Structures are given as C-alpha cells and as structure tokens.
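S.K.: Generate coordinates for the entire structure from the input sequences, incorporating the hints supplied.
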Amino acid sequence: MRMAAIAGIGETKMGRYPDRSLRDMILEAGGRAIADSGMDKKEIEAVYMGNFNSQRLCGQGHLGPLVSEVLGLGNIPTIRTEGACASGSLAFRMGLLAVMSGIYDTVLVGGAEKMTHQPTELVTEAIVSAMDYEIEAMEGFTFPANFAMMANRYFYEYRNVKREMAMNAVNAHYNAARNPDAQMPKEVTLEKVLFADLIASPLSLFDCSLVTDGAAFLVLTTSDKARALGKHRLVEVAGSGHAGDTVTLYTKKCITSFEAAKSAAKQAYDQAGLKPADIDLAEVHDCFTITQIINLEDLGFAEPGHGADLVAEGATALHGSRPINTSGGLKAKGHPIGATGISQMYEIVTQLRGDAGARQVKKADIGLTHNLGGTAATGLVHIFRGQ
Amino acid sequence: MKNPTIYTYSVLYSSFGPFVNKVPYVSAILEQEDGSRFPSLLEGFAPEMKIRVGQEVFRLGKNEQGLERYSLLEQ
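Just so you know, the sequences run in chain order P and U. When you read off a place in the first sequence, starting at 1, and then add 298, the result is the number in the working numbering. When you read off a place in the second sequence, starting at 1, and then add 8, the result is the number in the working numbering.
Please note that the accuracy of each hint is not assured.
What the hints assert, rightly or not - Straight-line C-alpha distance at most 30 Å; calculated DSSO-like pairs for lysine-lysine:
1) P:K551 - U:K70
2) U:K30 - P:K490
3) P:K490 - U:K70
4) U:K30 - U:K10
5) U:K10 - P:K551
6) P:K551 - U:K58
7) P:K460 - U:K30
8) P:K523 - P:K564
9) P:K460 - U:K58
10) P:K490 - P:K460
11) P:K560 - P:K460
Simulated from the structure, these hints should not be mistaken for laboratory data. The model shown is predicted, which means the values in this text are computed figures rather than measured ones.
M.R.: Okay, here's the thing in structure tokens:
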C-alpha cells in the first residue's frame with residue numbers, strides 16, 4: 299500500500315448562513331482546498347463527499363456530482379458517504395483507501411451541511427434519524443438525552459464530572475476565540491456553563507455542540523506527489539481506523555466507553571506504529587462535553603474513569619501537555635454534521651503546518667482526529683504526521 | 009417477575025415532534041432482573057422529584073400501540 303498525504307485544505311467559516319446555498323459553500327471550501335494544493339484541478343480523479351441530511355433539510359441529494367459540477371472537475375466518478383456525524387471522516391477513509399491502493403493518485407474529499415435555515419424542531423427531528431427511529435426516537439429519545447444518559451451512568455460508575463465537563467466547554471470557547479473560522483469565537487466562564495439552562499439533565503445548553511452550516515475539503519494524493527509540490531511541511535496520513543457498534547444505546551455492552559472508537563483507535567495506532575503517548579494534539583468528537591471525557595479514555599490518553607482528571611489538571615487546554623480541540627471543537631468551532639470530520643482534519647493539518655496563528659501549539663508533529671456517528675455507532679480515527 | 013430498575017436516565021427539557029408538549033419528561037434505559045435492557049419514557053415525573061440509577065419503576069400496562077409503559081410512582 300502507498301502512503302498518502304494532504305496536499306490542500308479549505309473550509310468556510312462555520313456559522314449560521316440562511317442566505318447561503320450548499321453550492322455556494324461547496325464552491326468556497328472546495329475551491330480553497332484545490333487552490334491551496336497548488337495542483338491543477340484536472341489532476342483530481344474522483345470526489346468523496348460526506349453529507350448527513352441535505353435531502354431532508356435542503357431538498358438536495360446526490361451531492362457527489364453536485365460537487366464535481368460546481369467545482370468544474372469534469373465528469374469524474376463521485377461518491378456521497380453517510381454515517382451521521384461521521385459522514386466526513388467516512389468520505390476521507392474511502393478516498394484514502396482509493397489512493398493507498400492505487401485506484402486513484404489524487405482525490406478531493408469533502409463534507410458539507412446546511413441546517414440553520416430550518417426550524418429547530420425540524421432540525422432535531424432530522425438529527426434523530428441517526429438513532430433507531432422506531433425504538434428510541436418514538437420513545438422520545440433525542441441525542442442530548444442519549445448522551446445525558448451516558449453522563450448519568452458515568453457519574454454512577456465513576457464520579458460526578460460535571461465541573462470538568464464545563465471546563466471542556468470553557469476550553470473550547472477559549473480556543474474558538476482564536477480561530478477565525480469558528481462559529482462561536484467568544485470566551486465563556488465556568489459559572490456561565492455550570493448554571494446554564496438544562497437541555498437534558500445533566501447536560502445544559504453549554505454542554506451541547508452547535509447547529510452549524512459549513513463545508514470543508516481536502517485534496518488527498520500520494521505522498522510522492524505531495525512531496526513534489528514542495529510545501530514547507532508534508533502532512534502524511536500515518537494511520538486510519540474505522541469501526542462500528544450497535545445503533546441503539548440500550549444494546550451496547552457498555553455506555554461509558556465507545557467500542558467503535560476504541561477499535562478504530564487501535565487500528566490507527568497499529569497502522570501508524572504509534573502509541574497514545576506519541577500524539578501531540580487531537581481533535582475529538584465533543585458533540586457533548588461528557589463525550590470529550592469518554593473520548594480521552596477511549597483514545598488511551600487516560601485510564602477508564604480518569605478522563606476528567608486530565609481536564610482538571612489543564613493537560614487538554616491550548617497550552618497543556620496534550621491540547622484537545624484547539625479549533626474550538628464541535629462545541630465552539632461548530633458541528634456542520636457532514637463536514638465535521640473534514641473540519642477536524644483541517645485543524646490538524648493547519649497545526650502540523652504551523653499555520654494556526656494565535657492558537658498554534660508549540661509541538662505539533664503528530665495529530666489525531668476522532669469522529670463519531672450517531673450514538674457512537676460509527677467510529678473513525680485518523681493519525682497525521684507532519685515532516 | 010420483579011419490576012425493572014433504572015440503568016440510566018435523563019430529564020428532557022427540550023424535544024421534538026409529538027414530545028414537545030411533554031417536557032419535562034424522563035427518558036430512561038431500564039434493566040430487567042436478568043440484565044436485559046430496554047428504552048422507556050417514564051411516566052409520573054414531577055419537577056422536584058429525585059431520580060437515581062438503580063431505582064425501581066412500576067408497570068402501568070400497555071398503551072394504544074401495545075408498548076409496555078412504566079411509571080416512577082407506584083400506583
């Protein structure tokens with residue numbers, strides 16, 4: 299198998315854009331990624347496009363050829379991937395396998411979602427379609443409820459980590475305030491998070507990620523081709539993992555740890571020949587603040603039940619020993635569902651290139667992305683090495 | 009057969025579709041004596057009520073869809 303590398307990155311600013319179309323966001327983010335690569339668009343042989351719910355929320359399906367047409371890529375093969383919040387990372391994984399196996403040399407991988415123009419109730423109902431609709435949604439379950447139930451079980455099995463959950467939100471907003479592409483670039487206090495209105499106990503408004511419009515793209519090519527572009531730093535894909543678990547919460551063996559994430563992480567670490575201790579920084583799927591604590595454990599950064607200790611010690615803060623979600627994460631950069639996985643990679647590549655400005659971390663040689671779909675039914679982990 | 013107990017729960021203050029008018033309500037995963045689990049919307053919640061993992065819940069009978077319903081309160 300060949301090695302692959304990221305040749306170009308591009309994204310929109312994340313936010314609420316009722317007047318912007320999917321086409322418009324794809325044109326901006328995709329165009330930026332191609333321009334950043336320095337490659338001729340004729341070199342792009344295929345498109346892998348992540349999207350969750352544009353058919354329901356925008357009346358637009360078949361996003362693959364929409365991307366190739368909007369970006370003027372000609373009549374090339376395209377695929378749309380759907381894996382709920384992990385749709386973008388799934389697209390990346392498919393594109394990566396194609397490049398590594400030699401099917402294509404260069405592909406465009408992206409994600410886009412447009413949600414905020416619809417009423418909150420409709421958006422909630424559309425998002426709920428990523429759980430089991432008949433068994434869970436028709437019992438009144440929502441995603442905040444599912445993750446809140448994980449939190450309450452976590453409190454029961456280990457300890458109450460509500461304060462550390464709030465610290466995750468504070469850190470996310472601090473980082474987002476230093477990210478020009480973030481949807482909520484505003485710092486918040488611990489008290490504001492702790493005493494915000496409840497959405498699903500114990501999760502309050504600031505424990506929940508954002509509803510976001512946005513798009514993000516990457517140009518993925520062979521390491522040899524990327525090296526020939528002469529960029530100041532090559533960012534290679536060192537490891538990739540993809541795993542699954544049951545779609546319903548009640549059927550999972552354990553709800554205080556995610557099997558799909560742990561399995562995907564093991565695959566990625568093994569492929570890269572790396573250990574958790576080798577990771578300098580990570581973008582993890584903080585759809586809710588409790589998720590980030592569980593993620594730290596699933597990725598091997600902390601023992602089970604001790605993820606919150608890392609947060610309390612400051613290790614996960616921007617200038618801590620292992621910065622987490624330097625972009626602001628899903629919590630404050632935003633969660634444009636189908637684009638989220640690619641948006642996470644955009645941040646890691648930016649950090650590994652040393653281009654993250656006010657939020658640049660000191661040591662950024664190896665970065666990791668962690669993306670979950672649904673109630674952690676789909677898990678993807680990718681490891682990137684800058685050199 | 010013993011009543012199930014609460015494996016985990018959440019009180020919802022925001023929801024969608026037919027559940028919007030039910031807030032606040034309790035979503036829970038219940039556990040049977042044999043360790044099997046299932047999801048349920050629990051009846052009988054009042055805002056001042058304390059709920060805990062391991063708490064027993066009580067059968068109410070089946071609803072019009074044939075689903076077994078449970079309550080936090082003994083009838």
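S.K.: Are the hints correct? Go through all of them and say.
M.R.: Hints, one by one, checked against the model:
Restraint check: the Cα-Cα separation between K551 (chain P) and K70 (chain U) comes to about 27 Å, which is no more than 30 Å; the hinted pair holds. Proximity of K30 (chain U) to K490 (chain P) is assessed by CA-CA distance (about 27 Å); at most 30 Å being required, the pair is judged to hold. For the proposed pair K490 (chain P) and K70 (chain U), the alpha carbon gap of about 43 Å is over 30 Å, so the pair is violated. A distance of roughly 28 Å separates the Cα atoms of K30 (chain U) and K10 (chain U); the hinted pair therefore holds under the 30 Å criterion.
Straight-line distance between C-alpha atoms of K10 (chain U) and K551 (chain P) comes to about 22 Å, which keeps the hinted pair within the 30 Å bound. Using a Cα cut-off of 30 Å, the hinted pair K551 (chain P) and K58 (chain U) holds, with the two alpha carbons roughly 27 Å apart. Between K460 (chain P) and K30 (chain U) the CA atoms are separated by roughly 26 Å; this keeps the pair inside 30 Å, and the hint holds. At most 30 Å may separate the alpha-carbon atoms for a hinted pair to count; K523 (chain P) and K564 (chain P) meet this at roughly 28 Å.
For the given pair, K460 (chain P) sits about 17 Å from K58 (chain U) by alpha-carbon distance, which is consistent with the 30 Å threshold. Pair hint K490 (chain P) plus K460 (chain P) holds up; C-alpha atoms about 13 Å apart against a cutoff of 30 Å. Distance hint between K560 (chain P) and K460 (chain P) is fulfilled; the C-alpha atoms sit about 23 Å from each other, no more than 30 Å.
Checked against the numbered hints listed earlier, the structure breaks hint 3 alone; every other hint is satisfied.
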